[in-house]
Amino acid sequence: MKFTKNLFLYLSAFIPMYFLILLKLVVELINHNLTFNTLNTINLITLLLLIICGITGIFWNIKFNKEESIEVKILTKQNITDRHFLGYFSLFVFFALPLDLSKVSNYCVYVCILIMIAIVYINNSLFYINPFLNLLGYNFYDITYIETGSNIKRHAKIFYKGDLEIENQTYFVKLKNENFSFVDKTRTNQLSRKVVK
Numbered sequence: 372m373k374f375t376k377n378l379f380l381y382l383s384a385f386i387p388m389y390f391l392i393l394l395k396l397v398v399e400l401i402n403h404n405l406t407f408n409t410l411n412t413i414n415l416i417t418l419l420l421l422i423i424c425g426i427t428g429i430f431w432n433i434k435f436n437k438e439e440s441i442e443v444k445i446l447t448k449q450n451i452t453d454r455h456f457l458g459y460f461s462l463f464v465f466f467a468l469p470l471d472l473s474k475v476s477n478y479c480v481y482v483c484i485l486i487m488i489a490i491v492y493i494n495n496s497l498f499y500i501n502p503f504l505n506l507l508g509y510n511f512y513d514i515t516y517i518e519t520g521s522n523i524k525r526h527a528k529i530f531y532k533g534d535l536e537i538e539n540q541t542y543f544v545k546l547k548n549e550n551f552s553f554v555d556k557t558r559t560n561q562l563s564r565k566v567v568k
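The sequence shown begins at 372 in the numbering used here and counts up by one.
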């Protein structure tokens, strides 16, 4: 189950690339530069399935995440979205645009590259490299925090939609691991309303 969840999360990181390739394929089909042969039909179905699996992975890890939320006080933050977004997104453009998936050889190379990247991505917990989340408005932060009731400083990488304020703020964070966490906005907002009252 954990592997499937991580695999879907990996697939979500490539949604922008799948979309670019799908767009290229559809435009080529509309302009009659390609025909609906077996390989192009498989490509079309595969890209749609990868996009659906990627979106499922995002919802699975954000909305339906069963991880326990812990209450933390964030001591330091550093927005590091730009470190990973542009490099990864340029990889999408470089990889997607010249790729001709109407040839069986290119399709096989494409699949092999995705498998090799998946092995590295999942084995090294590189879940924080996810341009799709950045496109959805999430910023990626490297933080130092302490759990409520503890004085031990810890580090984590978290996604937060919007600008993360740390002065006089306490957050609930769902820590999947130190490389992929989300602020639990529902519980954090409930805490903020209690403090205001």
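Be aware that one or more of the hints could be misleading.
Claimed, not checked - Result set (DSSO-like, lysine-lysine): computed pairs, CA atoms no more than 27 Å apart in a straight line:
1) Lys528 with Lys444
2) Lys545 with Lys532
3) Lys434 with Lys444
4) Lys474 with Lys545
5) Lys373 with Lys545
6) Lys376 with Lys532
7) Lys373 with Lys395
8) Lys395 with Lys444
9) Lys395 with Lys532
10) Lys373 with Lys474
To be verified - Per label pair, the in silico range of CB-to-CB distance:
11) Ile451 with Val475: 15 to 21 Å
12) Asn477 with Glu518: 48 to 54 Å
13) Glu439 with Ile488: 50 to 56 Å
Just so you know, the hints here were simulated from the structure itself, not pulled from any lab data.
Computed from a predicted model, the values in this text were never measured in an experiment.
Think of the CB as a built atom: it goes at the ideal place given N, C-alpha and C, for glycine as much as any other residue.
> Has the given pair, Lys373 with Lys395, been kept, meaning a C-alpha gap of at most 27 Å?
Replying inline: Outside the cut-off at roughly 33 Å; violated.
> Is Lys528 close enough to Lys444, meaning Cα to Cα at most 27 Å?
Replying inline: With Cα atoms ~14 Å apart, Lys528 and Lys444 stay inside 27 Å; holds.
>> Lys545 and Lys532 were given as a pair; does the straight-line alpha-carbon distance stay at or below 27 Å?
In response: Status holds; Cα separation ~14 Å.
>> Tell me if the straight-line CA distance from Lys474 to Lys545 falls inside 27 Å.
In response: violated (43 Å)
> Taking only the CA atoms, is the gap from Lys395 to Lys444 under or equal to 27 Å?
Replying inline: violated (46 Å)
>> Need the status of pair Lys434, Lys444: alpha-carbon distance at most 27 Å?
In response: holds (22 Å)
> Do the Cβ positions of Ile451 and Val475 conform to the proposed distance bound of 15 to 21 Å?
Replying inline: violated (40 Å)
>> Hint check: Lys376 vs Lys532, CA-CA at most 27 Å. Holds or violated?
In response: holds (21 Å)
> Using the C-beta atoms of Asn477 and Glu518, is the stated range 48 to 54 Å upheld?
Replying inline: holds (49 Å)
> Regarding the pair Lys373 and Lys474, is the alpha-carbon distance no greater than 27 Å?
Replying inline: At roughly 35 Å apart (the allowed maximum being 27 Å), Lys474 and Lys373 break the hint.
> Under the criterion that the straight-line Cα-Cα distance not exceed 27 Å, is the pair Lys395, Lys532 satisfied?
Replying inline: Answer violated: Lys395 to Lys532 is near 30 Å, above 27 Å.
> Is the hinted range of 50 to 56 Å satisfied by the C-beta distance from Glu439 to Ile488?
Replying inline: violated (30 Å)
Figure legend: structure checked against the earlier numbered hints; hints not met, in rising order: 4, 7, 8, 9, 10, 11 and 13.
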